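First to last, the sequence lines map onto chains E and W.
Heads up, the first sequence is in full-length UniProt numbering, so the first residue is 1 and it goes up one at a time.
Heads up, the second sequence is in full-length UniProt numbering, so the first residue is 1 and it goes up one at a time.
Take these hints with a grain of salt, some might be off.
The calculated lysine to aspartate or glutamate pairs, modelled on EDC-like cross-linking and capped at a C-alpha distance of 16 Å, are [as the list claims (entries may be wrong)]:
id, chain 1, residue 1, chain 2, residue 2
1, E, K139, E, E217
2, E, K139, W, D200
3, E, K186, E, D165
4, E, K145, W, D197
5, E, K111, E, D68
6, E, K186, W, E313
7, E, K111, E, D123
8, E, K182, E, D165
9, E, K229, E, E217
10, E, K139, W, D197
11, E, K186, E, E169
12, E, K229, E, E180
13, E, K139, E, D223
14, E, K161, E, E209
15, E, K145, W, E313
Derived by calculation from the structure, the hints in this document are not laboratory data.
For clarity, every value in this text was computed on a predicted model and none was experimentally measured.
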Amino acid sequence: MSSEIPPTAQTPTTPGAAGEPPSASPGDSGNGTLTPQVSFRDAPPLAGPVFEVGSLSVFYGAHEAVRDVNMTIGDRQITAMIGPSGCGKSTMIRCFNRMNDLIPTARVTGKIRYHDQDLYGRDVDPIEVRRRIGMVFQKPNPFPKSIYDNIAYGPRVGGFKGNLDDLVEETLTHAALWEEVKDKLKTSALALSGGQQQRLCIARTIAVEPEVILMDEPCSALDPIATAKIEDLMEHLAQEFTIVVVTHNMQQAARVSHRTAFFGSDVDDKGERHGRLVEYDETARIFSNPSDPRTEDYISGRFG
Amino acid sequence: MRPPGAGHRAASGRPDFLKRAQPRYGEKAVKVLLVAASLVSVATTVGIIAALVPPALDFFGEVGFGDFITGTDWSPLFKPPHFGVLPLVTGTLVVTAIALVVAVPLGLGAAVYLSEYARPRVRSFFKPVLEVLAGIPTVVYGFFALQAITPLLQDIWPGGRGPEVFNALSAGFVMGIMIIPTIASLSEDAMNAVPNDLRDGGFALGSSRMQVATRVVFPAALSGIVAASVLGVSRAIGETMIVAVAAGGRPNLSFNPLEGMQTMTAFIAAAGIGDLPTGSLGYQTIFAVGSLLFVMTLVMNLVSIRLVRRYREVYE
Numbered sequence: 001m002s003s004e005i006p007p008t009a010q011t012p013t014t015p016g017a018a019g020e021p022p023s024a025s026p027g028d029s030g031n032g033t034l035t036p037q038v039s040f041r042d043a044p045p046l047a048g049p050v051f052e053v054g055s056l057s058v059f060y061g062a063h064e065a066v067r068d069v070n071m072t073i074g075d076r077q078i079t080a081m082i083g084p085s086g087c088g089k090s091t092m093i094r095c096f097n098r099m100n101d102l103i104p105t106a107r108v109t110g111k112i113r114y115h116d117q118d119l120y121g122r123d124v125d126p127i128e129v130r131r132r133i134g135m136v137f138q139k140p141n142p143f144p145k146s147i148y149d150n151i152a153y154g155p156r157v158g159g160f161k162g163n164l165d166d167l168v169e170e171t172l173t174h175a176a177l178w179e180e181v182k183d184k185l186k187t188s189a190l191a192l193s194g195g196q197q198q199r200l201c202i203a204r205t206i207a208v209e210p211e212v213i214l215m216d217e218p219c220s221a222l223d224p225i226a227t228a229k230i231e232d233l234m235e236h237l238a239q240e241f242t243i244v245v246v247t248h249n250m251q252q253a254a255r256v257s258h259r260t261a262f263f264g265s266d267v268d269d270k271g272e273r274h275g276r277l278v279e280y281d282e283t284a285r286i287f288s289n290p291s292d293p294r295t296e297d298y299i300s301g302r303f304g
Numbered sequence: 001m002r003p004p005g006a007g008h009r010a011a012s013g014r015p016d017f018l019k020r021a022q023p024r025y026g027e028k029a030v031k032v033l034l035v036a037a038s039l040v041s042v043a044t045t046v047g048i049i050a051a052l053v054p055p056a057l058d059f060f061g062e063v064g065f066g067d068f069i070t071g072t073d074w075s076p077l078f079k080p081p082h083f084g085v086l087p088l089v090t091g092t093l094v095v096t097a098i099a100l101v102v103a104v105p106l107g108l109g110a111a112v113y114l115s116e117y118a119r120p121r122v123r124s125f126f127k128p129v130l131e132v133l134a135g136i137p138t139v140v141y142g143f144f145a146l147q148a149i150t151p152l153l154q155d156i157w158p159g160g161r162g163p164e165v166f167n168a169l170s171a172g173f174v175m176g177i178m179i180i181p182t183i184a185s186l187s188e189d190a191m192n193a194v195p196n197d198l199r200d201g202g203f204a205l206g207s208s209r210m211q212v213a214t215r216v217v218f219p220a221a222l223s224g225i226v227a228a229s230v231l232g233v234s235r236a237i238g239e240t241m242i243v244a245v246a247a248g249g250r251p252n253l254s255f256n257p258l259e260g261m262q263t264m265t266a267f268i269a270a271a272g273i274g275d276l277p278t279g280s281l282g283y284q285t286i287f288a289v290g291s292l293l294f295v296m297t298l299v300m301n302l303v304s305i306r307l308v309r310r311y312r313e314v315y316e
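Bound conformation, chain E alone:
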């Protein structure tokens, strides 16, 4: 495991992307505020922002779980979201592929623009959204089918017409899992170890060739060795995919991400907790020289 993902990998800061006052107008997009020139391995030159979040709030029923988030997520970067439990990171990440739609009481206000398209626009089909923006979950959740069928599931429901055998092999190779499973493609995915199951879930996600992979605490159920393998895989995949990862593990955020968003929570006078984006910046800066004292407290372990 490369422990020296160097702060030097993070290059110029982006004015206006982080710690911006919530008054930033939503939907004010495409003005080139985010032009990160991150030199991560041999990643191709970065294009414009993938997501622009403006004044985003998420409600569960009447409860505002996440309040007024503004952030921009860059192409082919790994963006980490950290923060204490209950600060809304998982709620936040589930907005990016509209998984919150599946919770009957959830409601989203504000804007998320995905390549200049309103992700919550009236004629946007969440199914199309999720084919472009995949998701890996906290607990490995392979289908109780064979390894092969797990990979083939997404392409099949997406109407893939081509050689599935080839696609499965390519995908598993891509996810660095082929050598481990090539002789047991027809056995149940549940026979794999937890770490392998999680890598299978990542492979399953890239089988539909998304642009973005969302990962909601992907390693929290895994041991350190399996975690290291997932982190290696993330670095490798970041050359082609935009990755957003929620993690409880600050070392993980420091190791793999280019930018880090620190979420905290306020308690209002009614005792209700609202998640907020406290600070968002290059990972190196968040971990070495955060501008908000709450970030510093959390990073240094004084809180949360």
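Dock chain W against the given chain E, drawing on the hints supplied.
Okay, now just chain W, sitting in the frame of chain E:
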């Protein structure tokens, strides 16, 4: 405040301090009661088999098993009697098949709706309503078939000869309605038990709700769904009142659902309430038919357990 553990430390002065302070008779009594409760059902099954077998064996001492199982004429109470059970078997199969054609699609459709589409409030309304259907006495269903469904079928039948007054179609149809709640409710329980993680995985790969229901939830819940359907079939095969009232009492070797036919259960009921002398050959036919019914249900259960083992997706 005293230091933690002080009380225990003091008690450990006695040499037998780990011994139980008082005997727990209640625990033993509860266990005995529970074992007795579970033995009742086993004992009942054994008792039924013990009651079925001797008269059935006596019967087969006088009537050849081959004649019984392949004979096409069932008139055990006439002179001369014939003991070919096939008309009763076909009657049972036809009515059960019609019931399944009605109940499996509707039951599974209702289950998929309740489990995968309905909002919680809708489900909490519909499921009890559905289960009320299971509480209606079957004799009511029987008269519903005879008085409402059969006339309706006769009215709307396009051309030709419509259903007879007693017919397998309306009996099977109403029997299907009767077992919908069984299939729907138990299948819904099985689908509901599939972890949401799996659904999320399906949705995150760009599946529609239908795709998640049919390709993720359904295979994972298959064993419960098949169990629900088998229970439905068992109820259909064993159902007596509906067929006795609406399908008629005439053994009829036919697969035409518009005709009346007698099922095995309907025969048992009809013969059982008749005045057959105990120990007569006619009396013994009841047990022969009953044994056959028992064996058929048992075989069906074994086959479906096999099928489920082969095709289900185990998620835990």
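Here is what the structure says about each hint:
no.	hint	in the structure
1	K139/E with E217/E	holds (8 Å)
2	K139/E with D200/W	holds (11 Å)
3	K186/E with D165/E	holds (12 Å)
4	K145/E with D197/W	holds (14 Å)
5	K111/E with D68/E	holds (10 Å)
6	K186/E with E313/W	holds (13 Å)
7	K111/E with D123/E	holds (15 Å)
8	K182/E with D165/E	holds (11 Å)
9	K229/E with E217/E	holds (15 Å)
10	K139/E with D197/W	holds (8 Å)
11	K186/E with E169/E	holds (13 Å)
12	K229/E with E180/E	holds (13 Å)
13	K139/E with D223/E	holds (13 Å)
14	K161/E with E209/E	holds (14 Å)
15	K145/E with E313/W	holds (6 Å)
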